[in-house]
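Number of protein chains: 4
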Amino acid sequence: MKYSFENDYSEGACKEILEALIRHNFEQNTGYGLDEHSLNAEKLIRKACEHEDIDVHFITGGTPCNVLAMNLLKPYEAVICADTGHINVHETGAVEHVGKKILSIPNKEGKITPEQIEETVKKHTDEHMVLPRLVFIAQASELGTTYTIDELLKIREVCDRYNLYLYIDGARLGSALVAENMSLKTIADIADLFYIGGTKNGAFIGEAMCIKNPSLKENFRYIIKQNCSMLAKGFVCGIEFEKFFESDLYFRLAQNANAGANELRQILFDHNIPEYVHSKTNQIFAIIEDSLIEEIQKEFKIQIWNKFDENHSIVRFVTSWNISEQNLVDFRNYLDSIIAK
Amino acid sequence: MKYSFENDYSEGACKEILEALIRHNFEQNTGYGLDEHSLNAEKLIRKACEHEDIDVHFITGGTPCNVLAMNLLKPYEAVICADTGHINVHETGAVEHVGKKILSIPNKEGKITPEQIEETVKKHTDEHMVLPRLVFIAQASELGTTYTIDELLKIREVCDRYNLYLYIDGARLGSALVAENMSLKTIADIADLFYIGGTKNGAFIGEAMCIKNPSLKENFRYIIKQNCSMLAKGFVCGIEFEKFFESDLYFRLAQNANAGANELRQILFDHNIPEYVHSKTNQIFAIIEDSLIEEIQKEFKIQIWNKFDENHSIVRFVTSWNISEQNLVDFRNYLDSIIAK
Amino acid sequence: MKYSFENDYSEGACKEILEALIRHNFEQNTGYGLDEHSLNAEKLIRKACEHEDIDVHFITGGTPCNVLAMNLLKPYEAVICADTGHINVHETGAVEHVGKKILSIPNKEGKITPEQIEETVKKHTDEHMVLPRLVFIAQASELGTTYTIDELLKIREVCDRYNLYLYIDGARLGSALVAENMSLKTIADIADLFYIGGTKNGAFIGEAMCIKNPSLKENFRYIIKQNCSMLAKGFVCGIEFEKFFESDLYFRLAQNANAGANELRQILFDHNIPEYVHSKTNQIFAIIEDSLIEEIQKEFKIQIWNKFDENHSIVRFVTSWNISEQNLVDFRNYLDSIIAK
Amino acid sequence: MKYSFENDYSEGACKEILEALIRHNFEQNTGYGLDEHSLNAEKLIRKACEHEDIDVHFITGGTPCNVLAMNLLKPYEAVICADTGHINVHETGAVEHVGKKILSIPNKEGKITPEQIEETVKKHTDEHMVLPRLVFIAQASELGTTYTIDELLKIREVCDRYNLYLYIDGARLGSALVAENMSLKTIADIADLFYIGGTKNGAFIGEAMCIKNPSLKENFRYIIKQNCSMLAKGFVCGIEFEKFFESDLYFRLAQNANAGANELRQILFDHNIPEYVHSKTNQIFAIIEDSLIEEIQKEFKIQIWNKFDENHSIVRFVTSWNISEQNLVDFRNYLDSIIAK
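Protein chains in written order, with my numbering: chain A, 1009 to 1349; chain B, 1009 to 1349; chain C, 1009 to 1349; chain D, 1009 to 1349.
Just so you know, not all the hints are guaranteed correct.
[What the hints assert, rightly or not] For each label pair, taking beta carbons as the anchor points, the in silico distance ranges come out as: (1) A:Lys1023 to B:Ala1267: 28 to 38 Å; (2) B:Ile1301 to D:Glu1127: 54 to 64 Å; (3) B:Glu1035 to C:Asp1061: 34 to 44 Å; (4) C:Ile1030 to D:Lys1010: 51 to 61 Å; (5) B:Glu1060 to A:Lys1023: 34 to 44 Å; (6) B:Arg1260 to A:Glu1027: 25 to 35 Å; (7) C:Lys1116 to A:Thr1121: 46 to 56 Å; (8) C:His1098 to D:Asn1048: 25 to 35 Å; (9) B:Asp1298 to D:Asp1168: 43 to 53 Å; (10) D:Trp1313 to B:His1279: 37 to 47 Å; (11) A:Lys1023 to B:Leu1042: 17 to 27 Å.
Derived by calculation from the structure, the hints in this document are not laboratory data.
Even glycine gets a Cβ: it sits at the ideal position worked out from N, Cα and C.
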C-alpha cells in the first residue's frame, strides 16, 4: 500500500508533541488532569479563545465529549442535530445510552439551518413529547462542509430565542477554522460549549472540552469521571495541548491537512472525478465508478461511504496533518496510470 | 519535593514502550483497535494466559473496563462487591449510571468471602429485589491485599453454584501476580472476564480486557463504542501491550514496584510505623501520627486515606514500576532525620 | 359541551367491568398480579389467542408496555418504527430514557413496509452504529390505519430474515381486529410480543402484555417492577380482563366504537369533509377549514393534530366504546346547523 | 382462610371511593390528570397541607413516586437512605435503573439519624465519588416505626446545612400521622417533596406526589410521562383523592387500620409474643416460634420477614383500613385455641 486516505488518525503524534512527551516522560505529575501541564494548557486555550473564563477539560475522545455534553441535560430534554450527525449515526447510540433523545433533521450538505431548528422546536408542544434543549452541530460537519460566521450567528440567534444550548463538535475544528479563516474566538463567542479536536489533528489522544456558559460548568469533573472519560495520566493530554497552543502548531497541522486536501481536489478534478458535496476542509467526498474504486484500492486505502447509483459509489478521502507532497504526487501518478489504461 | 508515593500513574510510560511508540509513530495504522499491533498483542496475551480462545480488547482505563462489564448484565441483574470496591466508592456511581445496582458487603481487609457471596444471593428471593449475577473482586484489592489461589477457587465454586459471573479488576494485576507468585493462566482459568492493567504498570494509557466466557463475547465492540471507551488510535495500546507481553516486561515492571514496596515496608517497620492491613503488593496502608504526616508531606507526596483515631491517620503509599533504590534511600534518610528531631 | 371526540379514555369503565369490581371489592386478594383473577384472565387470554404457552402480564398502561419491551434489548440494540410511532413522538423519550435508540422511518399512512425495514437493517453495518433488533408497529396505527394479514406476514418474514423481534402495540387492538375481521390468534401467530389494550377499550386501567417468544419470557416480572409498572392491586386488572374475555365483551366494545366511527365517517362525507388518511377503526383524521373547526369546538371536543394548509387543519376524532347513536345524531344535527349558516 | 394480615392492599377501594367512581363513571373527563376532579383534589390537598403553593400530581404507585423524585437529581447526585429503605431493597433496583446511586446507612429500627446523614455527606469529598443530594426517609418506615416531629426537624436541619433535599415516602403516611398525632402541615413544612399514599389506605390505585420546593416543580409532568407513571384515566385518582380530602376520610381509614393494629398488639402481648421493633402504626413485626407460625398460617395469611434465630422467625402483620373487630376476635380465638393445645 502506497498511502491511506482512510482517516486522519492513522498515525501517532506530530513530532513536536512526541518530543514533549519524551522530555516530560519521567516527571511525576498529579493524576486525573490536575497537573501543571493541563492547567497551563487550559490557560493557553483560554488565551487562544480570547475568553478568560472558559473552563477546559481534556477528554479521551470525541464520542466522550459528545456524551458528556448530553449529561448536562435533564432526562426529558432532547438534542437537535442533522440526520448525518456523528451522534445520530456513528456513536452506537451513546447519546441514547445516557437517556437522551436525538431529534434528527434532514441535513443540507451535512449542515442544518435556523429554520429547521425553529420548526423542530415548534413541533414539541407539551409534556407528551421531549423538550428540545441543545443544538448539536459539527464544525467541520461530517461531510467536510463548514458553517460560515453568518450561518453560526443565525443559529446562535435561534438558540437564544428558544432557550437552546449550542454545542459545537470540533473533531476537525482546526481544519474548519483554517478553511473558513475563522478564529477560535468566533467559536467561543457563539457556542455554549464546544471541543477542540486533538486526535484528528496530530495528538495521540484527547480533545479539549471548552465550557463557556457558566450554568454548565458546575461539577463537570463528576460527569467526566462517571462517564468513563477521565484519564489517570491526564498530563499526557496536558502536554499535547501545551504544544498545540504555545505556538501556532495546532493551526499549522490543520493547514497541512487542508493544503493536502486542496491538492487532492485538484487531482480529482483533473481526472474528471466530481465531488459529492463541495468542502474546503480535509474531508473530500467524491463520486467514483466502482471499477475505478477497485483499481485505486490496490494501492491506496479509501473509505466507501455509500452507493451513489448502480455503477458509482461515494468515496471518502481524508488528508492527514502529516500528509506529504510526495503522497499526493504518488496518488496523481497512480491515477494517471490506471485511468490511462 | 523529593518523591511522590501518591500513586503509580504519575509518570509517563516505561522506556521500552516509549521507544516502541517512537519507532512506530509515523506508520499508518487502522483505527479503533483493528490494527496489526493490537491483533498481535491479543495473540501474545492469549499465549501468556495459556487460553487460545480469550477475546482481548484494549480499553482506555479501569473505570471503563468495569463499566463495560456491567453492560453485559440485564437491567435487573446486580453486582456483588466489597464495600471498599473501587466501583462502589471511587467511580462516581458509574455502575449505577449504566443502571446496575451494587450489592456491597463488608470487606475483610479489602476482600470478600464465598460465604458472604452466598448469603447475599440467598437474601434475594423474588422479583421485588434485584437478581445478583456478577461478583466483582479486585486482584490486588483496593487495600493492596491479594487473593490466594485457594481463595479464588472457592469464590469460583460459589459463582458456579449460583450462576454468577466472576469479574476480576486487574488494575494492579501485575503486582498481585508477582506478589502471590500466581500466573496469568490461573486468573484466566478462574474468571469469566478480567482486565490486565496497563496504566498503573508503565503504559501511557490502556488496559487489556480479557473475555473468556463465550456467552459474554458477542458484540462486545458495540459496548465499547457505546460507552465512550474505544480509542481512535487504538494502535497505541496495541504497541504498548505488544511490548508488555513479547517479553516478561509486564512482570519485571510489577516486580520493581513490589521490590520498592518491600523495602518501604522495612523502612516503616524500622521506624515503628505499623501497617493498617498487611499487603504484599505495591500499595501500603500505614497508621501514622498526624504530626509526623505533616513532616513527611514537606518532602514526599502521600495520600491520606482516612482518620484512624484522634491523632493518627491511615496513609496510602504506592510504589511505582519506576521507583529507584535512591528514592527509597531518600525516604529512609528523611524519616531518620525528622524522627530523630 | 355536547360530546367529546377527544379520545377513547374519557370515561370510566364499561358497566360489566364496573359491576365486577363492585362484586369483588371486599375480597382479600394477593398483591402484584399474582391473584386468582389475574391467573384466570391469563388463561382466558391464552384461549382467546389459541396459544396455550403465552405469558400474560397486566400492566398499568401503554407507554409502560412499550418501555418494558425495550428493556428486553441489549444496550446497543435498536428499535425500528414509523416516524409517527407513539414511542417516537408521544412518550417523552421514554424509550431513550431506558437507553434505546429509535430508528424512525417515514410512515406510509401511519404504517411501515418490509422494504423499509430491510433497508434500515442493511444500513447498519458495524459496531459504530446501533444494531437493529426490534420492529415496533401499532395495530391500529397512530393514524387509525390497519395492517392486513398479508402485510403482517410480510413484516414477519423480514423480521425472521434479519433476526428481529416483532412487537405489536395494541393500544387499540380491539378496534383494529374488528375492523380487519382479524383474530387475536393471527396477532399471536405473527408477533413475538404484543399487548391487548384495555384502557382505550373500556377498562379503568391496564393492558395485557402477551409474550409468545420463549426467549423473552424469563424474569419479565423483574422488568415490570423495575420500570414502575407493577400494580399493588393487580387484581383490578385481573378482574377487568376476566370480564373482557370470559365473553366476547372485549370485541363488542370495540365494535361499538367502530360502528360509531363508521357513522361519523358518513356524517363527515355528507358534509364534504375529507379524510386525511382513510381508516377503518375508531380514529378518524379529517381535513377541516379552520373557521369550521372553531364552530365545531363550541359544542364538541376534538383534537387539532396538525396544520394542513393555510386555512385547514387535520383534526382527530375518536369514537369511544361508550358512544351512543344519540351522540352521533347530535353531531350530525350540529354540523347541519353550522354549515347551513 | 379466615383473614389475611399479609398487607393493606388486598382489598379494592373503600366504599366512599367506590361510590364516587360509580357516580362519575360515565362523565367524559380530560385525560392525563388534567381533569376537574384532579384539579379539585389538588386544591383539597393544598388546604389539608396548609400550603397553598404545593404542586400535586397523582401517580400510579409508590415505586413510581420514588423513581420520579430520583429523576430530579443530576446524574452524579446520590440518595441517602436506610439499608432497610424500600428503594434499597424492594424496588428491584428501580433507582439505579434511572442511574442514581443509593448510599445506604444502617437503620435504627427502620430509621436514620441526622448524625448518620452528616457522616455520609462528609465522606464524599471529591469528584471520584458521587455527590449526596437527597435524603430518603419513609413515614412510617418500612419497619412500621415513625419519626417524631423533633426527629424530622433535626433531619431537616442537617439537610439545610448540607444542601440536601428531603424526600418523604408516604406509602403509609396516614397511619404514621394518626399514630404520631402529626398533621399533614408538619410534613409539608419539613419536606421538599413527599407523597401521600392512597393505595395502602383505601384507594384502588394512586398516590399524591406533593412538591413544595419551587426548584423541583418545573416540567414535572415530563418526568411523569417519561417514567411510565402518567395514567390516561388520571381522573380515577382525582376522584379518589377528592373523597379522601373533602372530609376526614383519609384519616378515618388510617385510624381504623391503627386501631386494628393496637388490638392486634394486645392479642400478641396476651399470648407472650414479643414485637421485633415497637411500632405505633399498622405494621407489626413479631418474633414467633416457627412451629406456631405454621399453625397460624393454616387460617391466617401472614408474611415471614426474616429468620430470627434457629427456632423463631420475624413475622409481619399488617392491618388494613378495612379490618373489622370480628377479624381480630377471630384471630384472638384462634391463637387461644392453638396455643392451648
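ask   = Does the Cβ distance between Ile1301 (chain B) and Glu1127 (chain D) fall inside 54 to 64 Å?
value = violated, 22 Å
task = Could you check the hint for me, namely that His1098 (chain C) and Asn1048 (chain D) are 25 to 35 Å apart, CB to CB?
result = holds, 27 Å
query = When you take the CB atoms of Lys1023 (chain A) and Leu1042 (chain B), is the distance between them in 17 to 27 Å?
reply = Holds: the Cβ-Cβ distance is about 25 Å, inside 17 to 27 Å.
task = Starting from the hint 51 to 61 Å, judge whether the C-beta atoms of Ile1030 (chain C) and Lys1010 (chain D) obey it.
result = Roughly 24 Å apart at Cβ, these two residues miss the hinted range, so it is violated.
request  = With 37 to 47 Å as the target window, see if Trp1313 (chain D) and His1279 (chain B) comply at their CB atoms.
outcome  = Hint violated: Cβ distance 53 Å, outside 37 to 47 Å.
task = Take a look at whether the Cβ-Cβ distance between Arg1260 (chain B) and Glu1027 (chain A) falls inside 25 to 35 Å.
result = Given about 27 Å between the Cβ atoms, the range holds.
request  = Using the Cβ atoms, figure out if Glu1060 (chain B) sits within 34 to 44 Å of Lys1023 (chain A).
outcome  = With Cβ atoms ~39 Å apart, the hint holds.
task = Starting from the hint 43 to 53 Å, judge whether the C-beta atoms of Asp1298 (chain B) and Asp1168 (chain D) obey it.
result = violated, 31 Å
key: Verdict for Lys1116 (chain C), Thr1121 (chain A) (Cβ pair) under range 46 to 56 Å   = Violated - the Cβ-Cβ distance for Lys1116 (chain C) and Thr1121 (chain A), about 27 Å, lies outside 46 to 56 Å.
request  = Given the range 28 to 38 Å, decide if the beta-carbon distance of Lys1023 (chain A) to Ala1267 (chain B) lies inside it.
outcome  = holds, 36 Å
inquiry  = Quick check on a hinted range of 34 to 44 Å for Glu1035 (chain B) and Asp1061 (chain C), using CB atoms only.
reply    = Since the Cβ atoms of Glu1035 (chain B) and Asp1061 (chain C) sit about 58 Å apart, the hinted range of 34 to 44 Å is violated.
Violated hints, listed in ascending order, are 2, 3, 4, 7, 9, 10; each of the other numbered hints is respected by the structure.
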